[in-house]
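S.K.: Based on the provided sequences and hints, a complete structural model is requested.
2 protein chains.
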Amino acid sequence: MCAKEKVCLVTIRPERTVTQQDLRHATRLGPLRPAAGFRAALLPADGPRITGGFWRARRAVNSAACIPQGPELLENAGNLHNLRLITGEAEGEYRGDLPFLDSDVYKWLEAAAWQAAEPEGLPAEVARRMDEIIALVGRAQQVDGYLNSWFQIVKGGRRYEDLRWGHELYCAGHLIQAGVALHRATGRTDLLGIARRFADHLGAVFGPGNPVDGVDGHPEIETALVELYRETGDVAYLDLAGYFIDRRGHGLLNPPARRGQAPGPEYCQDHVPLREAPTVTGHAVRQLYLLAGAADYAAETDDPELLAALERMWSAMTATKTHLTGGLGAHHAEEDFGDPYELPNERAYCETCAAVASIHWSWRMALLTGRARYSDLIERTLFNALIPGVSLDGKRWLYVNPLQVRDGYARHVVGDQGARRTRWFRCACCPPNVMRLLASLPHYVASTDADGLQLHQYADGTYGGRVGGGVDGNLNGAGAGHRVAVRVVTDYPWSGRIAVTVDETEPDAVWTLSLRVPGWCERFALRIEGETVAAKPDEDGWLRLRRAWRPGEAAELDLELEPRLTVADPRVDAVRGCVAIERGPLVYCVEGVDHPGGGLDDLLFDLDAELSEYEDPDLLGGITVITASGRRRPAPPPTTWPYRRATETMINRPTEEPLTLTAVPYYTWANREDGAMRVWLPII
Amino acid sequence: MCAKEKVCLVTIRPERTVTQQDLRHATRLGPLRPAAGFRAALLPADGPRITGGFWRARRAVNSAACIPQGPELLENAGNLHNLRLITGEAEGEYRGDLPFLDSDVYKWLEAAAWQAAEPEGLPAEVARRMDEIIALVGRAQQVDGYLNSWFQIVKGGRRYEDLRWGHELYCAGHLIQAGVALHRATGRTDLLGIARRFADHLGAVFGPGNPVDGVDGHPEIETALVELYRETGDVAYLDLAGYFIDRRGHGLLNPPARRGQAPGPEYCQDHVPLREAPTVTGHAVRQLYLLAGAADYAAETDDPELLAALERMWSAMTATKTHLTGGLGAHHAEEDFGDPYELPNERAYCETCAAVASIHWSWRMALLTGRARYSDLIERTLFNALIPGVSLDGKRWLYVNPLQVRDGYARHVVGDQGARRTRWFRCACCPPNVMRLLASLPHYVASTDADGLQLHQYADGTYGGRVGGGVDGNLNGAGAGHRVAVRVVTDYPWSGRIAVTVDETEPDAVWTLSLRVPGWCERFALRIEGETVAAKPDEDGWLRLRRAWRPGEAAELDLELEPRLTVADPRVDAVRGCVAIERGPLVYCVEGVDHPGGGLDDLLFDLDAELSEYEDPDLLGGITVITASGRRRPAPPPTTWPYRRATETMINRPTEEPLTLTAVPYYTWANREDGAMRVWLPII
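Going line by line, the protein sequences match chains A and B.
Under the numbering used here, think of the first position of the first sequence as 37, with each following residue one higher.
Under the numbering used here, think of the first position of the second sequence as 37, with each following residue one higher.
No wet-lab data here; the hints were simulated from the structure.
Owing to the predicted nature of the structure, the values given are computational and were not obtained by experimental measurement.
Ideal Cβ positions, reconstructed from N, Cα and C, are used throughout, including at glycine.
Hints should not be assumed to be uniformly reliable.
[To be verified] Residues on chain A that point at chain B, a partial pick, calculated with CB under 10 Å: (1) Y279; (2) W350; (3) E370; (4) R383; (5) L601; (6) D605; (7) L640; (8) D642; (9) P672; (10) R680.
M.R.: Below, the structure is given as structure tokens:
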């Protein structure tokens with residue numbers, strides 16, 4: 037305990053839970069609330085609710101299991117202890133030996149905040165713990181607004197001396213996001229006040245004319261400051277975000293080398309100004325948080341140069357650096373994106389946090405540009421890169437999400453990077469990140485603009501917003517246009533049928549219901565009020581249904597979902613001679629547990645085989661299983677050298693034993709046992 | 037400078053160079069000198085000399101360019117400065133921020149020591165610098181024998197508190213190996229004296245009844261202590277080596293986690309006692325140094341359990357964890373071996389030091405067992421994993437040796453792990469390791485036993501030793517048997533013709549000349565005194581030529597060297613649908629520089645194509661070039677997603693442009709430009 041810190045304690049606030057008074061002041065908007073000058077093409081829906089189907093089930097686990105376990109896990113891992121070291125309420129050593137542990141507390145608070153705004157709210161005990169933690173954070177904050185347990189306890193209060201590795205602004209950013217979320221979701225102001233004091237402090241320390249010219253090694257503050265600007269209207273926060281975005285890439289982080297490894301400036305995107313960067317590079321999560329913040333900034337400042345850079349980098353990422361699952365990050369070393377088309381299977385990094393960050397970025401791009409391609413990637417990422425990171429019961433996690441685990445080697449890599457689910461991590465960034473994303477998921481489903489309402493994702497629920505009355509397709513200005521709302525009923529992704537019923541509109545108002553036809557979909561049918569309608573998506577990827585919608589009228593979209601085989605660009609060396617199975621938005625995999633008697637390393641897929649499917653309501657929470665015929669190579673004779681002279685019979689299968697391959701959705705893997713798994717199936 | 041250290045300085049010795057007096061006391065034996073109780077099946081040749089051909093040229097670069105540049109590089113990198121901080125001859129900060137920098141000094145001294153024993157000796161200036169450095173090392177040693185600049189300068193003299201990461205015994209091991217080498221090569225005793233004082237100190241600190249029960253995180257001390265026992269006859273060193281080997285695997289290194297990463301006990305082979313380990317695991321260089329030391333210990337103690345473990349682990353390594361090049365280590369992260377058959381191309385680690393360590397281990401196994409398979413791997417490793425690590429001019433180095441570099445991405449990975457040659461490294465373990473291996477290379481070529489002389493490698497030169505007269509095939513006992521020597525003339529690996537002429541033998545003595553028929557060789561011819569002889573290798577891999585050899589008699593082996601195509605076990609996922617080109621012991625690769633107009637990422641190899649070859653004496657120091665017909669895929673249309681639905685025309689080539697593929701030996705890559713490279717060539 038540093039005595040010097042004690043004099044800086046602020047007054048302890050009374051603890052409190054969310055009240056009805058709070059909720060009346062909530063905006064019911066989610067992450068990315070448009071500000072007065074918002075220039076995006078689309079606005080997120082207000083007050084969206086997911087009420088059934090696939091995502092209700094996943095979110096029920098999040099609210100009933102994931103979020104409630106947070107306080108205990110943060111207690112056990114030492115995060116709360118470290119904050120109490122500041123206030124003098126605990127004694128001993130800083131626990132965890134990592135500089136960013138405060139951020140896990142803030143991400144959990146953000147998750148709890150979004151959850152508090154749901155109709156069922158938070159369980160009373162969880163709400164009480166949230167109050168306690170907010171009060172603790174308030175007590176730990178210094179009088180000038182600064183707060184960071186690593187620097188206050190371990191580093192003797194020497195602030196901003198290690199921007200490269202210290203994560204001070206990263207932690208501040210997550211605190212700010214939590215404060216914004218709690219205020220936006222419930223109207224409650226205490227955490228927002230703490231966040232503003234920290235942000236005001238940063239505004240007095242960083243930037244032109246201030247003592248420190250620097251940026252944080254780990255982006256996050258940028259998006260947080262733009263959101264704080266949106267929530268408060270204080271343009272100083274927006275300007276500070278712009279400063280952090282545009283000072284990056286000028287060598288301010290020129291790092292002192294670390295022992296045994298010397299990440300270059302690419303690691304934290306300090307090698308080139310973002311506006312000039314051709315593609316995504318370096319540490320994937322850092323890159324993606326930065327890009328989300330830059331998209332926020334571009335949306336608020338109408339900056340075409342920045343937007344062009346963002347579109348360029350997004351296209352380069354999806355074309356060359358994205359795994360089939362939507363997972364991002366090819367290298368364990370430096371958690372790096374890797375080179376174009378370098379997309380390994382067993383060594384895929386695909387950090388769960390990168391999936392969260394990718395969704396954040398793509399959602400901002402979707403709103404900025406109005407193009408459906410961004411929500412295509414969000415869909416893929418939600419189903420195949422985000423939720424694989426949490427077990428079906430919500431109690432065990434994956435930090436990295438490989439696309440292959442060899443027979444008998446699930447336990448090979450230990451620590452946070454293991455290929456098996458873990459109760460918690462030493463570096464526990466991923467679990468609360470999943471919690472906050474799932475808690476705020478309804479906000480990523482729909483948007484509105486002057487022209488109408490857009491459904492980006494197909495989740496059973498209700499979505500609405502204001503349409504019409506705007507200028508240039510922009511809905512700014514209070515009370516412009518009129519409110520519309522739709523109800524979505526679907527068993528997606530198991531069924532491709534999506535029924536959209538208009539719940540609320542103005543009499544005789546003509547507006548457009550826009551439905552996204554996913555990039556994977558080759559055939560679909562559309563019915564309006566039971567009548568089949570010929571339609572095709574426009575160049576932005578939307579099926580535009582424009583008419584004078586009346587309440588109760590329904591559009592029914594039927595996306596053909598039959599299982600399909602997927603191959604990769606031949607430059608993706610890691611999957612040469614392999615196919616993957618997909619069905620709708622779901623990537624499938626095979627698991628060792630379904631293939632007893634020999635494991636997966638010797639399996640071959642028959643390219644000519646038909647894929648079959650069946651529903652199994654009892655398996656893995658209820659899934660559609662896909663089967664196909666394959667073969668198993670005979671156990672090879674013992675050898676001391678795995679290379680041999682090529683012969684004409686190089687690709688022969690004289691004695692291969694036929695067997696049935698059973699594929700399950702990738703998001704369900706490693707829920708029955710730790711074991712072998714493959715997404716890509718060899719055909720030779 | 038730590039004042040406390042100053043009082044510990046030992047008397048400064050006069051500087052000196054190697055004298056004729058010294059050389060008269062040299063044993064002229066190389067690494068791994070048999071001791072009195074030596075139980076190996078074979079003994080290394082004495083006084084071997086490489087006098088022509090491929091290896092003379094590579095070694096000339098080592099002696100003329102590599103070794104002479106060492107002192108300047110060690111000066112620039114701070115290694116010598118750090119030693120001078122101990123003696124008070126320099127002021128300022130410890131340079132390099134790594135705990136093992138002393139070891140680079142010792143490895144360079146070992147290289148210079150072996151080179152000093154060559155007929156041409158060391159250039160006078162290099163010899164003078166060696167004397168200076170030895171004197172500096174002597175002055176820096178503490179009176180009780182301890183020496184380590186990191187712990188004396190940076191860690192305030194707190195010894196043995198960080199055995200997990202400190203590399204104290206690792207550095208001590210390299211000092212001991214240098215002392216042994218200088219004494220064995222030249223008879224000079226000063227550095228050996230320094231080494232013994234350190235070893236005696238270790239013997240008083242570690243082991244049963246001593247203060248510290250521990251092992252070093254990085255093995256190396258084990259092999260050094262056995263060699264010191266061999267050089268001095270003091271069995272205490274052997275016992276201490278055995279203690280370190282057998283105390284490993286009992287959790288003594290149970291490591292405190294490092295920031296952001298937590299290598300498990302496998303990282304430094306502390307997860308299981310070596311005698312029980314099924315395969316090689318963890319950090320490749322650590323594992324291999326440990327196994328070399330264990331083989332030394334097994335050879336001196338006649339330990340069948342340990343030998344069985346070594347054979348088991350060696351077989352598992354070569355069968356499942358060895359790249360085609362002989363390179364070892366599949367992961368950048370933790371420099372780890374990876375799982376069986378996990379052998380990536382662009383992310384192959386294949387540290388140059390791992391090649392050195394692999395040769396050390398395999399040579400000990402070759403002598404222990406008398407089996408030729410170990411020298412098969414040494415040959416592959418020498419040509420394709422060791423010398424790729426140094427440029428043809430001896431001035432630039434590779435730390436990692438990937439099997440693929442994508443178009444335009446040679447510069448992607450920065451720091452020590454780059455895919456382009458570098459003048460030196462921050463962690464400069466590899467360059468002096470290559471220097472000491474090449475300087476001692478003649479000692480890995482031949483061996484003798486009671487039965488005769490064995491040629492393990494085909495290098496133009498002279499090799500001899502004592503044969504006959506031993507007991508149980510063991511040559512122990514001074515003066516047993518009689519001396520034989522052979523002269524090898526060959527242009528190997530460009531030509532497969534190897535002429536072996538008997539230079540020295542006893543009249544009427546019958547003995548066996550054993551020639552290794554490499555595992556890659558399917559056809560060979562043998563002539564003795566011009567007469568073709570039918571022969572085939574025995575089960576140990578040797579062609580045994582037993583007769584009463586007379587001086588001047590010659591055997592001529594002709595290994596068929598035509599280029600061949602190689603495929604991998606289908607479990608090596610990284611090279612599915614690919615072939616590699618080999619010729620004799622050389623692995624070939626294609627480089628971007630030979631394929632203008634489009635790079636390598638879109639090349640396809642025609643499986644039906646004939647391979648052609650031609651000699652180019654002016655290219656890359658004189659090589660045999662191999663050509664074949666291939667195709668280039670047309671530039672694909674721009675896409676935002678690299679995956680697509682599989683169709684019947686999945687593997688089609690309607691518009692592929694034919695072109696000639698040009699392959700050069702892998703060891704010559706990146707000598708013309710930094711650029712794209714591939715060992716494995718796609719056929720689909």
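S.K.: Enumerate the violated hints, using their earlier numbering and listing them in ascending order.
M.R.: The structure conflicts with hints 1, 8, although it agrees with all the remaining ones.
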